[in-house]
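Note that the protein sequences, when read in sequence, are chains V and P. Counting from 1, one number per residue, gives the positions in the first sequence under our numbering. Counting from 1, one number per residue, gives the positions in the second sequence under our numbering.
If you're looking for bench data, these hints aren't it; they were derived computationally from the structure. Keep in mind the model is a prediction, meaning the values are calculated, not measured. The reader is advised that the hints may include incorrect statements.
Lysine-lysine pairs mimicking DSS-like chemistry, simulated, CA-CA at most 25 Å apart [what the hints assert, rightly or not]:
no.: 1; chain 1: V; residue 1: K99; chain 2: V; residue 2: K159
no.: 2; chain 1: V; residue 1: K99; chain 2: V; residue 2: K89
no.: 3; chain 1: P; residue 1: K123; chain 2: V; residue 2: K99
no.: 4; chain 1: P; residue 1: K25; chain 2: V; residue 2: K159
no.: 5; chain 1: V; residue 1: K377; chain 2: V; residue 2: K329
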Amino acid sequence: MIEFLDQIFVHTKGKLLSPLANAPDWVGHAASSLLNISAMLGVFMALFALMSVLERKILARIQNRYGPNRVGPFGLFQPVADGIKLLIKEDIVPFRADKVVHFLAPIMVAAPTILALGVIPYGRNMTPFAIDGGILFFFAVGSATELAVFMAGWGSNNKFSMLGAMRAIAQMVSYELPLLITVLPVVMVVGSLSPDAIVAAQSGYWFVVTPWGAAAFLLFFVSGLVESNRTPFDVPEGESEIVAGHMTEYSGFKYATFFLAEYFGMFAVSGLAVTLFLGGWQAPIDALQFIPSYFWFFAKLGALLFVFIWIRGTLPRMRVDHVMNFAWKFMLPMAFTCVLAAAIWHYQARGLAGWLWSLGIVLAAYLGLSRVLDTRKNLSARTYRFAE
Amino acid sequence: MSSAAFLVIAILTLAGALAAATLPKLIHAALCLVVTFFGIAALYFFLGAEFVGLVQVFVYVGAVAVLIVFTILLTRRESETTGPFNWGGVVIAVAVFCGLTWAILHTSALPQAAPQIEALTVKRIGEVLMTDYVWPLQCVGLLLTAALLGALVLVMEEKRR
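Just need the whole structure built from these sequences, with the hints factored in.
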């Protein structure tokens, strides 16, 4: 029974594909891929709708207001209303815009995030596309996003769009480095680039309980916040400074596509964080193995997404130069330290000694960096000279 | 099936390259070059070289294309004016193409040794890089670090002035 519930989606897929057993090989492959893609898109579109209303509700709760509560029970059907509104809105294209590039940009922003979702294991035997270099694939397609953001900024022929795109590319290129290097220790310890192998390697304990894993997880999460352009790193679309950044000249469903890409990017980065550090679809303790694997994956994903919203409701936007300095002066050295700490943990037979050694190295690097980077500015409460 | 796929990929790649060489606006040309990069990556995948294909996308689309775009943006002076068509470039390109074709046609075919080649996994590539080719790897790393420091020095000098 437990086994059946765990594999229910795998069995269903097998049942659905069984009429094609005699068909040529490539028909079976194509049907299987199509089934995977439609299931994945269905689940994540639903999650996107749910997330958009939940985000507004939680933000409202943080800010002491009600949030959307008009459409359906608790305002749960708000995304439907929003979707209809965005669909029937007029699509405005600026006269001097580069029409083709302006049209292609939203598609190019959304496509890589959907591709990146394809390599994440959602449950036991539930990876849509299990390829050998899955982690590499994730980052390879992710690197195409920068170009798409640039296309949006340049194609709109608007100063604010261009400024937003420049900021976006600068911060995404900078944070891609720590994002990649924090993945390295996991890949080194597991000895594989395949997400399935990484999840399988965490059957005993999750990597987040080791010092290097905890540090790498935090760094990865912060870099993920930047890569998905979320507060406090939303300088590319900073509303109070540059209207809406690269999305300024988009309206109607194209604008919605940008939003979809942002959320899908969040899902992808959180999904990879769960896979790399939080044990993927593994249950936290063996006694809880009876709950299906996909439930654990989505529970962890949901927890991370909540933290995304929580941070958005808590922290103000960072200044552009602070964002860049933080990437190069703090994130990058810390990421390299994680690699070193993981190597020492491995060569100390992955025991207690290694655990303590890696804790010492991470702590030393953290304290040293905070000492070196301390600007010795006396921060005190602001005094308002002319208001008192 | 596979030859049809190859044909589609090859046509897309060539079309992208042709557009990159002929389009009047530099940014359009750069974006078409990206199509070519993707096409080449698809060809690598097609040949079973998964790792090389991924690295192709990673390095060329993620880094080189962004670099080209940035260069165009930051040095944009007379981007709207287009000069006369560059016939000299065409001659050189045709000459290089003919030379390469000639060289390939005159190379004696190597004896087929396909069965001995083991499936090349990412892990195997990593092992070889860390054992047999560790010195070339280190040299490349040193070169890149030097280039990075050089770029930093250039930028800092500008700041001081």
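Hints, one by one, checked against the model:
{"no.": "1", "hint": "K99/V / K159/V", "in the structure": "holds, 17 Å"}
{"no.": "2", "hint": "K99/V / K89/V", "in the structure": "holds, 19 Å"}
{"no.": "3", "hint": "K123/P / K99/V", "in the structure": "violated, 45 Å"}
{"no.": "4", "hint": "K25/P / K159/V", "in the structure": "holds, 19 Å"}
{"no.": "5", "hint": "K377/V / K329/V", "in the structure": "holds, 17 Å"}
The structure does not agree with numbered hint 3 stated previously, though it agrees with all others.
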